[in-house]
Amino acid sequence: MSVAEAEARTIQLEAPSGLWHEAWRRLRRNPGAIVGFVLVATFLIVALFAPLIATHDPREQNLALLGGSCCPGPSADHFFGVDALGRDLFSRVVYGARFSLLIGVVSVIVGLTFGIMIGATAGFFGGWIDSVLMRFMDIMLAIPGLLLAIGIVAVLGPGIFQIMIAVGVTQIPVFARLLRGSILGVRESDYVLAARSVGVPGRAILGAHILPNAMSPVIVQGTLALATAIIDVAALGFLGLGPQDPSTPEWGTMLTDTTRYLQTAPFLALIPGAAIVISVLGFNLIGDGLREALDPRFRGRG
Amino acid sequence: MLRFVVRRLLLLIPILLGLSVLVFVWIRALPGGPAEALLGERATPESIRQIEDQYGLNKPVYVQYWSYVSTVARGDLGTSVTTRRPVAEEIEQRFPATVELTIAAMIFAVSLGVPLGFIAAKKYGGPADHASLVVTLLGISMPIFFLAILLKYVFAVRLGLLPTVGRIDPLIDISHPTNFYTIDALLNGNLNAFWDVTKHLILPAIALGSIPLAIIARITRASVLDVQNEDYVRTARAKGLSPRVVDQRHIFRNALLPIVTIVGLQAGLLLSGAVLTETVFAFPGMGTWLVTAIKGRDFPVLQGGILFVSLIFVLINLLVDVAYAFINPRIRVS
Numbered sequence: 004m005s006v007a008e009a010e011a012r013t014i015q016l017e018a019p020s021g022l023w024h025e026a027w028r029r030l031r032r033n034p035g036a037i038v039g040f041v042l043v044a045t046f047l048i049v050a051l052f053a054p055l056i057a058t059h060d061p062r063e064q065n066l067a068l069l070g071g072s073c074c075p076g077p078s079a080d081h082f083f084g085v086d087a088l089g090r091d092l093f094s095r096v097v098y099g100a101r102f103s104l105l106i107g108v109v110s111v112i113v114g115l116t117f118g119i120m121i122g123a124t125a126g127f128f129g130g131w132i133d134s135v136l137m138r139f140m141d142i143m144l145a146i147p148g149l150l151l152a153i154g155i156v157a158v159l160g161p162g163i164f165q166i167m168i169a170v171g172v173t174q175i176p177v178f179a180r181l182l183r184g185s186i187l188g189v190r191e192s193d194y195v196l197a198a199r200s201v202g203v204p205g206r207a208i209l210g211a212h213i214l215p216n217a218m219s220p221v222i223v224q225g226t227l228a229l230a231t232a233i234i235d236v237a238a239l240g241f242l243g244l245g246p247q248d249p250s251t252p253e254w255g256t257m258l259t260d261t262t263r264y265l266q267t268a269p270f271l272a273l274i275p276g277a278a279i280v281i282s283v284l285g286f287n288l289i290g291d292g293l294r295e296a297l298d299p300r301f302r303g304r305g
Numbered sequence: 006m007l008r009f010v011v012r013r014l015l016l017l018i019p020i021l022l023g024l025s026v027l028v029f030v031w032i033r034a035l036p037g038g039p040a041e042a043l044l045g046e047r048a049t050p051e052s053i054r055q056i057e058d059q060y061g062l063n064k065p066v067y068v069q070y071w072s073y074v075s076t077v078a079r080g081d082l083g084t085s086v087t088t089r090r091p092v093a094e095e096i097e098q099r100f101p102a103t104v105e106l107t108i109a110a111m112i113f114a115v116s117l118g119v120p121l122g123f124i125a126a127k128k129y130g131g132p133a134d135h136a137s138l139v140v141t142l143l144g145i146s147m148p149i150f151f152l153a154i155l156l157k158y159v160f161a162v163r164l165g166l167l168p169t170v171g172r173i174d175p176l177i178d179i180s181h182p183t184n185f186y187t188i189d190a191l192l193n194g195n196l197n198a199f200w201d202v203t204k205h206l207i208l209p210a211i212a213l214g215s216i217p218l219a220i221i222a223r224i225t226r227a228s229v230l231d232v233q234n235e236d237y238v239r240t241a242r243a244k245g246l247s248p249r250v251v252d253q254r255h256i257f258r259n260a261l262l263p264i265v266t267i268v269g270l271q272a273g274l275l276l277s278g279a280v281l282t283e284t285v286f287a288f289p290g291m292g293t294w295l296v297t298a299i300k301g302r303d304f305p306v307l308q309g310g311i312l313f314v315s316l317i318f319v320l321i322n323l324l325v326d327v328a329y330a331f332i333n334p335r336i337r338v339s
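These protein sequence lines are chains H and C, in that order.
In case it helps, my numbering puts the first sequence at residues 4 to 305.
In case it helps, my numbering puts the second sequence at residues 6 to 339.
Here chain H stands alone, though its shape is the one from the complex (with noise of 0.2 Å):
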């Protein structure tokens, strides 16, 4: 083995393992991001368990704790209080926390899914590939987000999957672009050069230095992509497009009719849309972590 190949083989061993090692190492030293774990952590405990943490069945109307007004307010029984159709508020969170995780994390996998497809082949095979690839992504980004995915809620129907689809399919350019673009940065970049210049094979290039590289903006993005998705599905439940069956507990959903009960229950409003906030906050602060932990200009700082 020569020097140059033994040098090549260390590069090839060490690069990915190192970068993730020292974003690791620097995640955990910052706060923000450690409180975004926290949030994240609950939030995904919620959900899991939520059938053992829930005190009621989400779904079960109990007219009678009405008692011909709306509506009761937090008590030892229900944590939360009851909501206009006597459902105890606190059982209806919990298990909302389970849609919204399975909606914003099956939205993201779409829209990851699709997005790392085209963009990866944009970026790799160039020439009108790239074109007519990156021309189909601009058309869907000229279409604001959330009218796209209305659109195709309205050609698929309102309901949990459909909203699923749709979210994602709204991510898919975002993440296109954002491969691409990458891919050829780091193409271009003087440490490809310098591998290559060592005797690197070009397929150890690719995959200990150009993906691994080009692949960091996509994973925060990715971190980020799942807070915009856990809102934006909560805003199509919001607008009434979300799961058909009224009684489901989604969180945008639960939001709905709220505003005509904010004199005399606002917790109906403030506590499904802070649980959104707090599930939404964690995300952005792991995705904002990950970003400084991932970009080489702050590297070596901390």
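If you are wondering where the hints come from, they were derived from the structure by calculation, not from laboratory data.
Please read these numbers as outputs of a predicted model, since none were measured by experiment.
Be aware that one or more of the hints could be misleading.
Covered stretches of chain C, as calculated for chain H (at least 3 residues, CB under 8 Å) [unchecked claim]:
no.	stretch
1	21–29
2	140–150
3	281–294
4	310–316
Which chain H residues face chain C? A few, computed with CB under 8 Å, are given here [claimed, not checked]:
no.	residue
5	Ala-36
6	Asp-141
7	Ala-145
8	Ile-146
9	Leu-150
10	Val-158
11	Gly-160
12	Gly-162
13	Ile-234
14	Leu-244
15	Gln-266
16	Ala-272
17	Ile-279
18	Val-280
19	Leu-284
20	Asn-287
Glycine included, every Cβ here is placed at the ideal spot set by N, Cα and C.
The hints should help you fit chain C onto chain H, whose structure is shown.
Relative to the frame of chain H, chain C by itself:
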């Protein structure tokens, strides 16, 4: 500069073509097919046949596409299924409302976001910086419709300070030559009406402007931090210019470039946000109209509305690019 604008305009052609194809395909993908979608619940076999004749839906696809494009190009966006009013006429009334709201939101976002970001950068690492980080983070994590509900609760229900529904007190009677109610009130010489319209704008504008505010503050901070360490800033300081002059002439002016871009980009996002804000405040703009259209399955309105909004969005992006090239000579050359 002219070459840049022309090239940018040429790039617009494939996007507009693609957009029209997308909407054309979309209306054909709707449940029940285009004729039924255009007629709504009143569809009968005869009326469907009539619509099919009128729009040439029984002709080959390329003929259909051509007739669709030429109808739209003539400014005919169809007729609402529910109100039976021409879509274009409705846009004429509702679009100014949304523009007015968007401009108010932008004024709010820029007038607070730029100073906030600037102060945060000047006091980097201090309490003001931390405060701005928290504000911006909350700004982007807060769903617009939830913030709108919160504002409504605090300022209208609790404090009773501001109106929460519509654009103007229904008892105030003024003529609407422009449909921009602030301008209309001034044209009528009715200051009372002007004040009322402004009050109706405040809460929706704050709700809609919150995300741009956060983003503008962030970009301003980052941009000022970048510029602050440039050689020419050090030179300016070294030759003894007062900190104030350095701030104004060297730092702020150069930090402005990314801020201008981001402000332009936000304008497009605001069109999405307006849908939600208008819904909460029952503000009669494009947003509430489109939401009603989805619920009533009023597809001509959705088709015309989405096409129109996307067109505006594309044009704004074009303007931003041109404005950017105008400010930054480097873009023009490359």
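These are the hints, each one checked on the structure:
no.	hint	verdict
1	21–29	holds (count 3)
2	140–150	holds (count 8)
3	281–294	holds (count 3)
4	310–316	holds (count 3)
5	Ala-36	violated (12 Å)
6	Asp-141	holds (6 Å)
7	Ala-145	holds (5 Å)
8	Ile-146	holds (5 Å)
9	Leu-150	holds (5 Å)
10	Val-158	holds (5 Å)
11	Gly-160	holds (7 Å)
12	Gly-162	violated (13 Å)
13	Ile-234	holds (5 Å)
14	Leu-244	holds (7 Å)
15	Gln-266	holds (6 Å)
16	Ala-272	holds (5 Å)
17	Ile-279	holds (6 Å)
18	Val-280	holds (6 Å)
19	Leu-284	holds (4 Å)
20	Asn-287	holds (5 Å)
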